[in-house]
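Each protein sequence line maps, in turn, to chains Z and R. Positions in the first sequence are counted from 1; adding 1059 to them yields this note's numbering. Positions in the second sequence are counted from 1; adding 1120 to them yields this note's numbering.
For the record, the hints were derived by calculation from the structure and aren't laboratory data. Beta carbons: idealized from backbone N, C-alpha and C, even for Gly. Careful, some of the hints might be misleading.
[Unchecked claim] A few chain R residues that face chain Z, going by a derived Cβ cut-off under 7 Å, partial list only:
id	residue
1	Trp1140
2	Asp1141
3	Ile1196
4	Leu1221
5	Pro1225
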Amino acid sequence: MNTNISRGRLNAKKIAPPGLSLLALILLSLLPIFVTDYTIIKINSIISFVIIAVSWSIFSGPTGYISLSTAAFYGLGMYASAILGNHLPLPLVMVISGIASFIIALIIGVITLRLRGVYFTIFTFGLVELLRNLILWLEIKFSGTRGRFVPSVDFQQVFYCILGTLAIILLISYLIKRSRFGLALIGIGESEDAAAHIGINTTLVKVLGFSISSFAVGAVGAAMATRTNYIDPGIAFNMLMSFMPVLMAIFGGMSTIPGPIIGAAVFAYLEELLITKVPEYFMIIFGAIMIIAILFLPNGLTGIAGKLFKRRKGAGKNANT
Amino acid sequence: MPILEIENLNCFYGNVQVLWDVSLKVEKSEIVALLGANGAGKSTLLNTIVGLVPPKSGSIRFMGEDIVNLSGSEIIERGISYLPEGGRLFPDMTIRENLELGAYPMKYWKSRKATLDMVFDMFPILKERQKQLARTLSGGEKQMLAMGRGLMSNPSLCLLDELSYGLSPLMASEVFDIVKKLREQGITVLLVEQNVRQTLEIADRAYVLENGRICLEGECCELIENDFIKTAYMGM
């Protein structure tokens, strides 16, 4: 009977035990000693995508509520950086931005998460547009400009700030996965009615899950804004940021912790590579890879890894059961 | 004092009245059956008790306290466990995870290991297969998992909806045996069923619901001889 290991979530424990991720984080933190500045900047962007993809899959992975609101919180983070960056150090700006994102997500969650399925997705899609237009209107009305300058920060400092955020979000993701709360999120994804029947306050669990998956996005937005000198609502609230984590998580495999990490890393690296090597065909190649991934890798890259793992171990398992 | 007491309950779906002045009582350690045809309002009544359908008027008292305005999770925390029709399992979660989620309310979560052992004692097959996904179980095993999950919240009252639905006669008898076992453990059972004969054999009392009204009630040993029951539900 091999059905008991058919799901990626169970393989996660074997593929990436927490000790391994800790080791990887320590190795990463030593990186600036060995590599060039340009590499650090590239790695910053890869890590930020990893954080965003992991954040996204904390909520949307188990529940299946596809959120397209990432760009909203990322954009808010960018604005936090532009407004506060001159007065406060970056880590503090990131904390404030993270808390603000959490609270806003809480409010949005209370309003929208009684909606089920596709209506939630449509609302989150609209939210990005709403914020973009709201901030554009506020800027023109009150500050009389379209855009703002973002104070730049040393990229090594950005690197460590982002790495810290990565450590936090990985820890949270790992703890949730093993907790009562994480079980409830999966239960909601499996059958929301059944979850309600056994006494799970589904709205509360969904709202909290959504908020937890939003705060790190705000923090990363604040850090990454320091790389671009100038932002305006169009740059900050870029819809692409909402689609990226979805694609990355699908590409890597949604239901595991390593899935979105691997997906985001491969994706972000691929993007850098293609955009420098073949800028004209970048989107075509990218799109083709995505279609292939959706058609042939239902559980993403980690799904393949899980299958290989199962095949090797398969004989032994069969003998046991 | 009855463990569950419902008085003059009226329920609507939109403008359509589904329950009309329903009153019933369940005493401690009884098995009470709720019989009736499709669409009679049996499941609605259970859904109302656990707070999923708000009643328009009437009262529901559990252990003497009014529970009409409590949320579903609060009602379950007080000791009512509801097994919806078809079990409503989490198909892509393991059996163990399904059971653990049954102990979701904080009060029961802490003692879930002990409860789990008790449930495994009652359903040894679940212990054997605890790492298997719920959807790989047979119909009868699924029903046992659903019952096991219901017991994870240490209920004093179990609401069971269509336990025997879709089961082979052999499996159905086994499930009915388990209902009797529940009573031995001091759990009160309110049972919704279409399998009238077998239900009347194991239950103490029964209510018959027709078009949202209670049209007949009594001891099961009397009802089994009742002419109306015989013609309407047993085809005799």
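Checked hints:
no., hint, in the structure
1, Trp1140, "violated, 25 Å"
2, Asp1141, "violated, 26 Å"
3, Ile1196, "holds, 3 Å"
4, Leu1221, "holds, 5 Å"
5, Pro1225, "holds, 5 Å"
Comparing the model with each earlier hint shows violations of hints 1, 2; every other hint is respected.
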